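Trainee: Top to bottom, those sequences are chains E and Z.
The opening residue of the first sequence carries number 1 in my numbering; numbering runs sequentially from there.
The opening residue of the second sequence carries number 149 in my numbering; numbering runs sequentially from there.
Hints in this document: simulated from the structure, not taken from any laboratory.
Since the structure is predicted, the reported quantities are computational estimates derived from the model, not experimental observations.
Be careful, since some hints might not be right.
[As the list claims (entries may be wrong)] Short derived list, chain E residues pointing at chain Z, Cβ under 10 Å: (1) His-26; (2) Arg-28; (3) Val-32; (4) Tyr-46; (5) Thr-47; (6) Gly-48; (7) Ile-61; (8) Leu-73; (9) His-77; (10) Arg-106; (11) Pro-109; (12) Val-110; (13) Ala-114.
The beta carbon of each residue, even a glycine, is placed where N, CA and C say it ideally should be.
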Amino acid sequence: MERDGENLTGEPRGRVLVAKLGLDGHDRGVRVVARLLRDAGFEVIYTGLRQTPERVVAAAIDEDVDVIGLSMLSGAHLALVPPVLERLRSEGSDIPVVVGGIIPERDVPVLGEAGVRAVLAPGAAVDEIVAVMDDAVASRARHSAAGQ
Amino acid sequence: MAEPSDTPFETMSGIPMEGVYRPDDAERPSTYPDTRGPYASMSRSKVWTMRMFAGFGTAIDTNARFKDLLANGGDGLSTAFDLPTLMGRDSDDELSLGEVGRCGVAVDTLADMTDLFSGIDLGATTTSMTINSPAASVFAMFIAAAEQAGTSRASLGGTLQNDILKEYQAQKEFVFPPRPSMRLVRDTMRFCAAEMPRWHAISVSGYHIREAGSTAAQELAFTLANGFAYVELGLAAGLAIDEFAPRLSFFFNAHVDFFEEIAKYRAARRIWARWMKDRYGAQLERSMTLRFHTQTAGVSLTAQQPEVNIVRTAIEALAGVLGGTQSLHTNSMDETLALPTEKSARIALRTQQVIANESRVTNVADPLGGSWYVEALTDEMEAQAEAIFARIAEFGGGSLLDGVIEGIEAGWFQGEIADSAYELERKLNDRRHVIVGVNAFTEGNDEPQPETLYIDHEIEVMQRKRLAAVKADRDDAAVVATLERLRRDAADPEVNLMPPLIEASRAHATLGEMMATMGEEFGLWNETARI
Numbered sequence: 001m002e003r004d005g006e007n008l009t010g011e012p013r014g015r016v017l018v019a020k021l022g023l024d025g026h027d028r029g030v031r032v033v034a035r036l037l038r039d040a041g042f043e044v045i046y047t048g049l050r051q052t053p054e055r056v057v058a059a060a061i062d063e064d065v066d067v068i069g070l071s072m073l074s075g076a077h078l079a080l081v082p083p084v085l086e087r088l089r090s091e092g093s094d095i096p097v098v099v100g101g102i103i104p105e106r107d108v109p110v111l112g113e114a115g116v117r118a119v120l121a122p123g124a125a126v127d128e129i130v131a132v133m134d135d136a137v138a139s140r141a142r143h144s145a146a147g148q
Numbered sequence: 149m150a151e152p153s154d155t156p157f158e159t160m161s162g163i164p165m166e167g168v169y170r171p172d173d174a175e176r177p178s179t180y181p182d183t184r185g186p187y188a189s190m191s192r193s194k195v196w197t198m199r200m201f202a203g204f205g206t207a208i209d210t211n212a213r214f215k216d217l218l219a220n221g222g223d224g225l226s227t228a229f230d231l232p233t234l235m236g237r238d239s240d241d242e243l244s245l246g247e248v249g250r251c252g253v254a255v256d257t258l259a260d261m262t263d264l265f266s267g268i269d270l271g272a273t274t275t276s277m278t279i280n281s282p283a284a285s286v287f288a289m290f291i292a293a294a295e296q297a298g299t300s301r302a303s304l305g306g307t308l309q310n311d312i313l314k315e316y317q318a319q320k321e322f323v324f325p326p327r328p329s330m331r332l333v334r335d336t337m338r339f340c341a342a343e344m345p346r347w348h349a350i351s352v353s354g355y356h357i358r359e360a361g362s363t364a365a366q367e368l369a370f371t372l373a374n375g376f377a378y379v380e381l382g383l384a385a386g387l388a389i390d391e392f393a394p395r396l397s398f399f400f401n402a403h404v405d406f407f408e409e410i411a412k413y414r415a416a417r418r419i420w421a422r423w424m425k426d427r428y429g430a431q432l433e434r435s436m437t438l439r440f441h442t443q444t445a446g447v448s449l450t451a452q453q454p455e456v457n458i459v460r461t462a463i464e465a466l467a468g469v470l471g472g473t474q475s476l477h478t479n480s481m482d483e484t485l486a487l488p489t490e491k492s493a494r495i496a497l498r499t500q501q502v503i504a505n506e507s508r509v510t511n512v513a514d515p516l517g518g519s520w521y522v523e524a525l526t527d528e529m530e531a532q533a534e535a536i537f538a539r540i541a542e543f544g545g546g547s548l549l550d551g552v553i554e555g556i557e558a559g560w561f562q563g564e565i566a567d568s569a570y571e572l573e574r575k576l577n578d579r580r581h582v583i584v585g586v587n588a589f590t591e592g593n594d595e596p597q598p599e600t601l602y603i604d605h606e607i608e609v610m611q612r613k614r615l616a617a618v619k620a621d622r623d624d625a626a627v628v629a630t631l632e633r634l635r636r637d638a639a640d641p642e643v644n645l646m647p648p649l650i651e652a653s654r655a656h657a658t659l660g661e662m663m664a665t666m667g668e669e670f671g672l673w674n675e676t677a678r679i
């Protein structure tokens, strides 16, 4: 696992865990997004390839991240993403989950119902990605504040 | 089979065409160093093979798509396997959940391989199989299936991708560490040299390197460096250069920068011919000739306004053709969304047919040869590639084989590719690089997506049942015995593993069983995660 991007000006914009779930090894997208987020001031932790839902959740809780970003290109999103959210719930965690990659439109609401906060489509601009991540980080901060 | 539309060769308006144009003292096609193409008349005498990559669901589903492609004028098969198969795992493996039959066809045992090619004469068509880490095992199943159907292995023609090096560098479908993986590649090379004269044991592939984010020059240089590594592997295994070099083939990307791509193919042929002759001592012309398959760039396609992808693919396909490709796959417009529908796959094939039959670009070999721009770009590609070879040779103390493996183990290739991908992304973000529908001309982006192919989860359930039935039916003692032989042979690096793999295939050992057995000897590879 590689950790990177402590913001030079001090506090990071948020801690993000990015992960590839399943057997797919196409990591261009996840690595480009990881670098974009790092350059935008997030602290980014990348799990590497071939993660299971259990491993992703364990790493996210262990690293106390503000948001999880999952890269899915293989079509296995409906089988692999909902277990991440179930696992988070069973661990009592409210870390928001964002999915990026190849997700057919018809599956977007299904992922939404499973608890995914946002789905980023191919070609999403850096501003959009950063805005979604900022929003996810803020939602958790609000949620945590409300809970205290 | 598509034929050029008119003989004698003339323009649409009746101007006669020569087969090639050149000043008296200039290079001709089919003469060393082959910059202008491997054959004297190029597409005039034989149009490239329209080889469309296909595979999804069960073997029976893909068999139907193969027959459809052949009936529609496609003339070679190209098999896409699902992710579990590409990773050497069975459909009932825990990690295969949700992936069975999704990105390609699921093949667990000989029974699936038999269904996949049922009713297709494998001695009459050529078959390409895109498989790498488990290539030797899947190849063994293919040979066993063909022989069971009455086709001898010597009459089988086709290509095994079997390019493990680019998996570590780019596509990341690795299982075993680089060195034992290269032993399996060596075994397939030896086996083909001895028993399968019509088979290409390795398709050295730049496609995935480019898709992962490299530049054109990096694609060219990394791919040819990998090719040199396989040559050195064959030589170290005691094969003579002219015994196996004619059976190495290549696979390049066709991206959307039209002239740069054409220059890349021309430089590839020239570099290969020079290195094979000067460095590796090839005598046969066929050893010096670089032949390649092309696929249009999946990564150039957009989810926005997907119909526009037809245009991108046409430009890319034309670059491949003018660059002298021997076979071509054109991507379908909906491939950023899902596997292609039958209709979009047909349009992609029709794109090639328009180029082959209507445009008349096929009537003259290397029509861009002599263009000041294209010749200068070709020279520049060659110079940049040579600088990269020098770097890799340095890693390996003069050996390209060692240099490539060292570069992989140090993460050098992976880092270079990731840097180039990020650089292009930054250009896209500040609009120094324009993609229509993505960062410009976005009107129309809110239209609904076209209907895409939907792979039902039921396929996974069916495939698991099928695997369970095969396992229930087979002779368990034979499975155990053949796997035991495989384990024993794997422990001795001098033994060729193809015969025990064919034997295990015949006993209906699963792909996962064969891979796990070898994995016990070879160990598993994992890369260090880097951003």
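Trainee: Give a verdict on every hint.
Mentor: Hint by hint, here is what the structure shows:
no., hint, result
1, His-26, "7 Å, holds"
2, Arg-28, "5 Å, holds"
3, Val-32, "5 Å, holds"
4, Tyr-46, "5 Å, holds"
5, Thr-47, "6 Å, holds"
6, Gly-48, "3 Å, holds"
7, Ile-61, "18 Å, violated"
8, Leu-73, "9 Å, holds"
9, His-77, "8 Å, holds"
10, Arg-106, "8 Å, holds"
11, Pro-109, "14 Å, violated"
12, Val-110, "12 Å, violated"
13, Ala-114, "13 Å, violated"
When each numbered hint is compared with the structure, violations occur for hints 7, 11, 12, 13.
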